[in-house]
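Novice: Guided by the hints, dock chains B and C onto chain A, whose structure is given.
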Amino acid sequence: MNGPQHGLGKITLLAKSRQGLFLTNENLVEIEQVEFGYGSRPVLKGINLTARKGQVIAIMGNSGCGKTTLLRLIGGQIKPSRGVVRVAGESVGDLDQAGLYRLRRKMGMLFQFGALFTDISVFDNVAYQLREHTDLPEDAIRDLVMMKLHAVGLRGAAHMMPAELSGGMARRVALARAIALEPMLVLYDEPFAGLDPISLGVTGNLIRRLTDTLGLTSLVVTHDIQESLKIVDYVYFVSEGMIEAGGTAADILASELPFVHQFVHGEADGPVPFHYPAPAYADELRLGTRHA
Amino acid sequence: MLKAAIAGVGRRTIQGIWRIGFATRFFLLVLFYSGTAFRRIGLTIREIYFSGVLSLIIILVSGLFVGMVLGLQGYETLQTYGSEEALGVLVSLSLVRELGPVVAALLFASRAGSAITAEIGLMKATEQLSAMEMMAVNPIARVVAPRFWAGVISMPLLAALFSAMGIFGGYLVGVVLIGVDEGSFWSQMQSAVEFEQDIMNGVIKSVVFGIAITAIALFEGYDAPPTAEGVSGATTRTVVTSSLAVLALDFVLTAFMFRGIS
Amino acid sequence: MNRTVIDLWVGVFVIAGMAALLFLALKVGSMNVVKTNNSYELVAKFDNIGGLKVRAPVKSAGVVVGRVTDVQFDAENFEAIVILRIDNRYVFPKDTLAAIMTSGLLGEQYIGLDAGGDTEMLKDKDKIFLTQSAVVLENLIGQFLYGKAQEGATE
Chain A
2 MNGPQHGLGK ITLLAKSRQG LFLTNENLVE IEQVEFGYGS RPVLKGINLT
52 ARKGQVIAIM GNSGCGKTTL LRLIGGQIKP SRGVVRVAGE SVGDLDQAGL
102 YRLRRKMGML FQFGALFTDI SVFDNVAYQL REHTDLPEDA IRDLVMMKLH
152 AVGLRGAAHM MPAELSGGMA RRVALARAIA LEPMLVLYDE PFAGLDPISL
202 GVTGNLIRRL TDTLGLTSLV VTHDIQESLK IVDYVYFVSE GMIEAGGTAA
252 DILASELPFV HQFVHGEADG PVPFHYPAPA YADELRLGTR HA
Chain B
19 MLKAAIAGVG RRTIQGIWRI GFATRFFLLV LFYSGTAFRR IGLTIREIYF
69 SGVLSLIIIL VSGLFVGMVL GLQGYETLQT YGSEEALGVL VSLSLVRELG
119 PVVAALLFAS RAGSAITAEI GLMKATEQLS AMEMMAVNPI ARVVAPRFWA
169 GVISMPLLAA LFSAMGIFGG YLVGVVLIGV DEGSFWSQMQ SAVEFEQDIM
219 NGVIKSVVFG IAITAIALFE GYDAPPTAEG VSGATTRTVV TSSLAVLALD
269 FVLTAFMFRG IS
Chain C
423 MNRTVIDLWV GVFVIAGMAA LLFLALKVGS MNVVKTNNSY ELVAKFDNIG
473 GLKVRAPVKS AGVVVGRVTD VQFDAENFEA IVILRIDNRY VFPKDTLAAI
523 MTSGLLGEQY IGLDAGGDTE MLKDKDKIFL TQSAVVLENL IGQFLYGKAQ
573 EGATE
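Going down the list, the protein sequences come from chains A, B and C.
One rule links them: number in the working numbering = place in the first sequence (from 1) + 1.
One rule links them: number in the working numbering = place in the second sequence (from 1) + 18.
One rule links them: number in the working numbering = place in the third sequence (from 1) + 422.
These are calculated hints, taken from the structure and not from any lab test.
Hints may contain errors.
[What the hints assert, rightly or not] Partial list, computed: chain C residues near chain B (C-beta under 10 Å):
#1 A441
#2 F445
#3 K467
#4 F468
#5 G472
#6 G574
Note that CB positions come from ideal geometry on N, CA and C, so glycine has one too.
In isolation and in its complexed conformation, chain A is listed as follows (with noise of 0.2 Å):
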């Protein structure tokens, strides 16, 4: 029968593929002088960065700095106002739909709260790609599935309803969907918001594993400054729309640069003022003056 040599040509042909990659550009990731902004609200204003191959790349910075919306933009959810998005060589903003559809194939997305499909079973969740994008016969894709799960430690919980599961479980279950389909570049969207210090510890080691026996790369949105200095080779750090910083863990560590230096220490107030903007306070209670 045709079927499971046919599935394991792809498989080797996937390895195939990536094996080419190493031989041309190393940055996989790369950003240039990128702008975007929402209507009149520019929320992203002049962004320089690259990835290499191989890496761990953690972008930081506070709330609504702009984070998320890079991930959107590399993976081609939205279009910059300026500048050029290149993953692999191509430009993310001129792909046609098609182009589009072919180059995210070939990346992950892990999202904030894992986004797992909540009408099917675990196993269905991580079979999703597999079964919506090869010919891989049933035997094959439940090999695969299982060997996933398995380098995520949840292979017993296989049959088991994502509303069964703890916030890491599922957060771990999305990333074994995330490299079903064994991509070139996973994005990691807060991987660490709202987790125990044991699941906290799981999920940055899994990603530093993965990431080395895949030969991936890896881009890290997040604010933990522990759990990701653990395991980055390179951190940025977005403020207002740009890049304040970028250096190695040991780098940022040592910074002196004020806005690093209160995010790294978490200082209550530093560049990022405690208080928002409001009028003085002395006037607020109308100390000092009398009103008739």
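Specialist: Frame of chain A; chains B and C shown alone:
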């Protein structure tokens, strides 16, 4: 003060017009990507289950009660003219022409329409639709189109079941309970109800209602703001808008179909 | 939900819906009997067709033998032209009378065919030349009142 109010009305009108344009584009996209709904018929069948089969109980029970009430009220009125045998005609024509399609549509809108809106709104809010897009699966083809066709298929079937149950209910009350002559109940009905005029028009109406309700439900869900209030507001809007649409379309269709026929 | 159970219930639903439609079509309604390929056309002119409508039945001896398919106005003779479609199975003699009758007291109007004795039969597109117009209520009342007035005058 007045200027602000007028500006507000103007702004909302423009927003409304923009929304209608957006909704039309969405509807055309759904039609365009409907190939998947039929190539992977399993998806559509699953949605027929959730829209149609799960609405069966409310449709059948309501149909029965509406028919029984028609039987009672109809008998009361016809008795004053000595025309009790026309009860079958009254019950069947009312149901097949109007009550079947319209009431079944209103019930469908509130049960299945709101469920569709809530489901899609929640999928949007929990980023499932984005996840699908990022996995190079078109959410309109995969999620929206099967639900659309399921609604369009289910609606006429539900309307027919409603009318059939209603006639049975009228029969129960009129013939079995009150004692109207069984023979004249059915024979007068047969001579008064026409296949093309009444029954086919009823089917056409229910198909049109199915299209309207499902399209509105899908659009509201897809367009809902991804918050709790957003989804609940969208669900309410679905029920209100599609109910109004059904009643308005009913008037238009009735005027068009039954012109010149007494 | 199990895939086969869903399929089963959807199948039941669709079958039930179709059955309801069939029930409505056959037991409740009446399928239009007269189709164009097994029927023939006749023309009849009336002074007054009263409330006769298109698709009204054409009956003979109380049995439906056809339908009214068109009602037109003759602007030269100021008459009504009625086109009938009669089932091929029934042929009528040339001296058949076509009268506009009312079913019941307040019922709708239909055409009643009273067969004559002629040996020649009406063929497709033939004209029925014996017709009786509808009874108009106002004329009837007028006649009644006039008759009453006459009676009163002669007393």
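Novice: Would you mind marking each hint as holding or not holding in the structure?
Specialist: Tested hints:
Restraint check, C/A441 versus chain B: the minimum CB separation of about 8 Å is within 10 Å; hint holds. Look at C/F445: its Cβ gets to within about 5 Å of chain B, closer than 10 Å, so that hint holds up. With a cut of 10 Å, the hint placing C/K467 at the interface with chain B is violated, because the nearest CB-to-CB distance is about 22 Å. Annotation: interface hint on C/F468 violated; nearest CB of chain B at approximately 19 Å, more than 10 Å.
Hint status for C/G472 relative to chain B: violated, with the closest Cβ pair at about 13 Å, above 10 Å. Because the beta carbon of C/G574 sits about 33 Å from the nearest beta carbon in chain B, more than 10 Å, this interface hint is broken.
The structure fails hints 3, 4, 5, 6 (numbered hints given earlier, in ascending order).
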